[in-house]
Structure formats: C-alpha cells, structure tokens
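> All chains should be modelled from the sequences, with the hints used to inform the complete structure.
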Amino acid sequence: MEVRRSSKLPPKAVDAGWSSPDLHAKQPPVTIRTPATYNPQFNNFKTSAEPLRLSIELSSLHLIHPEPYQRQPRRRSAYGVSMIPPPMIQILRRSTLPALHLLTRSVMPQSPRSLPRLRRRSVLRGEWERETRKDAFRTARHSHALDRTQRHKDQNQAHLEDAKRRAALYQKQVEEVQAVLATLGLQRKKEEDVLKAQWQERDRKLRERVDAAIKLDEEKLNAKLELERQQKEKEEQLRKELEARKREAEERKRQEEEERRLQLEKEEEARRKQEEAERLRVEREAAEVQARKALGVTTAFEDWCTARDYLKTLKNGSMRIVKSDKELKAIWSAGRRAITPKIGQLTNDPEAINRICQQIVEIIRPPKRHPVSVYLALLSSLAKAILLQAETEVTAEKRAAFPLAAVAAYMMPTLEHFAKVFWAKLCQRAGGWPIPIAIPDKDFDGKPFEQGHRMKAMGFRPDEPAADYMTRVAGVMRVYFQLLGSPTDTPLSGAFQLPRAWTYFVRMLAEPQLLESAVAPQIMYTALDVFGAEARSIWGHQLIGGESPEGIAARVRLQLEIERIMNTNF
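With the working numbering as the guide, the letters of the sequence shown map in order to residues 1 to 570.
By construction, these hints were calculated from the structure, which means they are not laboratory data.
Note that beta-carbon positions come from the ideal geometry of N, C-alpha and C, so glycine has one too.
Honestly, I wouldn't trust all of these hints.
[Said to hold, decoys possible] Restraint-style ranges between C-beta atoms, simulated for each label pair:
id: 1; residue 1: A334; residue 2: P487; range: 52 to 62 Å
id: 2; residue 1: L509; residue 2: Q255; range: 48 to 58 Å
id: 3; residue 1: L509; residue 2: V282; range: 44 to 54 Å
id: 4; residue 1: K456; residue 2: A334; range: 27 to 37 Å
id: 5; residue 1: R272; residue 2: K456; range: 46 to 56 Å
[What the hints assert, rightly or not] Quick list of in silico lysine-lysine cross-link-like pairs, DSBU-like style, CA-CA up to 35 Å:
id: 6; residue 1: K447; residue 2: K384
id: 7; residue 1: K266; residue 2: K253
id: 8; residue 1: K368; residue 2: K329
Next up, the structure:
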C-alpha cells in the first residue's frame, strides 16, 4: 500500500507568501516495508501481500523548524550517521502516517516572520529534509533487522517445541507398541500350550490306533495260516486224483501240440504273405508319391501348407512393408479404393465384365509399374474384394457367383501371382473347405496354434453362429466351384482346373472328420449344383457307379439307407 501526500502547499502557506521551487519539487518517496510474520500453526512464514509503502514528500509536510539558525543538536547512531530527534524515531518505528503528520504539524512554523529570510530557510530546509530522509531509511532498516531476528527466534522456539511434542508422541507410541507386543506374547504362549496339549492327545490316540491295527493284522495272519493248512490238506487229497488225470492230459496235450504246430506253420505262411503284400503296398505308395511329384499332384496337407505359407509370407512381407511406408501406403490405399467399387458394379453382362476387368488391370498394373510390395498388396485387396462380395451377394443370389468367377478367371493368367494370392485368401476366408482338409492341431511350420488362432485358420469369425458360418462358406465355395468350370483361353493352375472336382469329392469322402460337420453336405450340394451335370458328362459311369445291375442296386441301397438314417428319431 502506498500513501502519498499532496505536493501542493497548504492554503495558509500560499496566503503567507511562501513560494520556492524547492517546495514544489517532487521529492522521492520513502518506502518502509513491514516484516514478514511467522505462523506457528503452518510452520512457515507468511509475508504480507504487498509492502507498506509510506511515500512522504517532505516538501508538502513543511518540516521547517521555526528557527533555522537554532538547529537541534545532532545525535550519533550505531551506524555512525546522524539521527533525527527521538520523537521522530518512535513515530517512524510505529510506521503510522497520521502520527508522523501530527509530528510535522507540531514542529511546522505557522508562517514566516519576514520575506527576506524565506530563501535562507528554504535552503536550510532542503538540507534538513535530505538528512531526515536518510535517517528515516536507516532507522527503518534497523527496525526490520530487529524484527527479523525476533522472528527467527520465535521460529526456532516453535521448532523446538514441535520436536519435543513429536518426541513425546513417539515415546508414547513406543510404550503402546511394547504393551501390545507383551499382550501378543502372552497370547502366543497360551496358544502354544493349547497346541502342545492337542498334539499329545493326538499322539496318544494315534498310538492306540496303531496298536489296534497291529493286533488286527495278527488275527488276520493267524486266520490265513489256518486257512492255508486246511487248503493243503485238500490239495493233498486232490493231488492223487490229479496224477491220474495228468497222464490223460499229457496224451491229450501231445495231440494238441501237434495240431498247434501245424497251425503255427499255417500262420507263419500267412504272415509272410501279408508282409510281402505290405512291402508291395509301401513300394506302390512310394512310387505314387514319386509319380505325384513328377506330375505336380499334391496331397491335401501339402495344399494347405502351401496356402498357409504363402499367406504368412504375404502378411509379413509385402503388407508389412506397405503399411510401414507412408508413400507406399498412400498408393496402395488409392488402388484399393478404386478396386472395391469396380467389384460391386459387376453384373452378368459379358461386356461389362470385360470392361471392369480391363479397368482393374490398369489400376493394378499401370504403365508406370508399382513397386513389387504395392503390386502384391493390390492383388491381395482384389482377392479380398471378390471373396467379400461372394460372402454377401452370392448367399442371397446364386447367379452373383458367375461374374465374380469370371473376373477371377480373367485375372489369373493376366496378373502374375494372382492365382497364388487368391488361393491363399480363399483358404483364409473359408478355412480348410476349399482343399478340403480338417485343420490339424499344429500350423504348417509344426508349431502349435495359439489361443483362438486355430478357429481363425478354420475360417470362423469371432462370435459367429454356425448357421452364418455355413452360409458364408457355401457362398465362397460356390464362386470357387464356378471358377473350376469357367472356360479360359489359358489353362489355370492345378487348384483351379476342372479335374480338381474329382479330387475334391475323393478327399471329402475319405475324411470322416469333415463328414461329421454340417458344412460338408451343404458344400457337396453346392458343388453338384454348380458342375454336377458337367461332371457326369465328363466322368460318366465312374461318377454315378455305372449302369450295371450291381451299380443300380448299390445306389438304391445307399439311397434307402440314407432315408432310413434321416427318418430315425434321435
């Protein structure tokens, strides 16, 4: 807070003719700062928000002695400088402006005696004002130092009292803890005595039970010895009867051994013939394996491993590279956004299918070729778009499978590696049904599947009902079966050729685990609905069992057995 007195002369002074430039000159303010206060409750110092500033312009207070030539005697301070009169020091220590104002009023002259002496008094008054201002500053600093010393003493005293209080509280807590520990010791001693008594009682009862068990075993042993003695007597009586029977049995045994020897010879001959047949079968299977390798024919497990391996390579290779690079990701995202609407625009019009296929080829393979990773990522997006369209549209309308299969058949010979990418994505979306194969417990690399990964490898989505799964897989497989029968100018890879239909049914019927699923009959129906008539025209009697009476009878028996099973109440 800052208090200022007006620099103007009082009216009486003006009327009396007091006028001087020194009287109207603005004097520097005198600042007296209040000391900080100590708060024992919070153990800290609290400083006032703003120092008390007493701006005293001595020119306005008229501190002029009535007799400038009769100056008051100077006093010496502890600092070696002059001091103002004692009444002025007391008033400044109390830092009260009204008291200071009254003091100045008491020593202020009412009016000058004569105008000639005014200038001399003005000069003396200016000098006296400067000295008084300096003394006021020194006195204020000294008072502040005394207050700060007292505050530090109060603070140390408060700290000492707080330390004593804490020591007393700590001693009281120690005594309480010792009392609790003594109580717990007595309680533990009582518990030990109780447990010791219980253990002694338990040991006594255990010894009694052991003695009773030993006595019971002795009685049992005596009874057993008595029974053995009686048994020996009976055996002695029977021994003589057995000796007579033994002679008859030896004769009969000799005859049986002769018959057994002849039987063993026959069994050895049969075993030798069976081993020879097994050896021939192994050799035939090895030859078939070599022939399959030579012709490029693979097993169901090899097809599944190939699809899983390529899918993992695609994800960890090209897709990871594209997604980690912002520039490549932008190119891939633009191509993917352009491909997806094209697949949604497909109809059964051949011209529209060819036009859309050419547009997709221009997107994936522009004049300025994409990097290999972006190219493979776009192939993956195309395959995924076809399969997603099959899952949504084909399940509602069977004819929607034809344009999707036509696009896939067009892209396989046109775009390099698309057949592998499409096969891997197909096995990812439909599990092992495109092969078909029952998904094993381990992955293609021999490592066990992690939690939930086997269900994902089987084509299941999280929390997907069985009916939705079966419908979705059937829609995807309809596109695959349609692709097997699609005519193309260039032969497709082995997994997309029509002979694969025969292999598909052979593998399905040879895998009992697949036939136990409700998806198997739905997929077999879908396959026969797509290319059943064409397969019969190709394989003829081999597919339906021939027109001989035996084949017709076998089909009738199979049909009747299926009807009987379906009509049985579960």
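> Output the indices of the hints that this structure fails to meet, ascending.
The structure conflicts with hints 1, 3, although it agrees with all the remaining ones.
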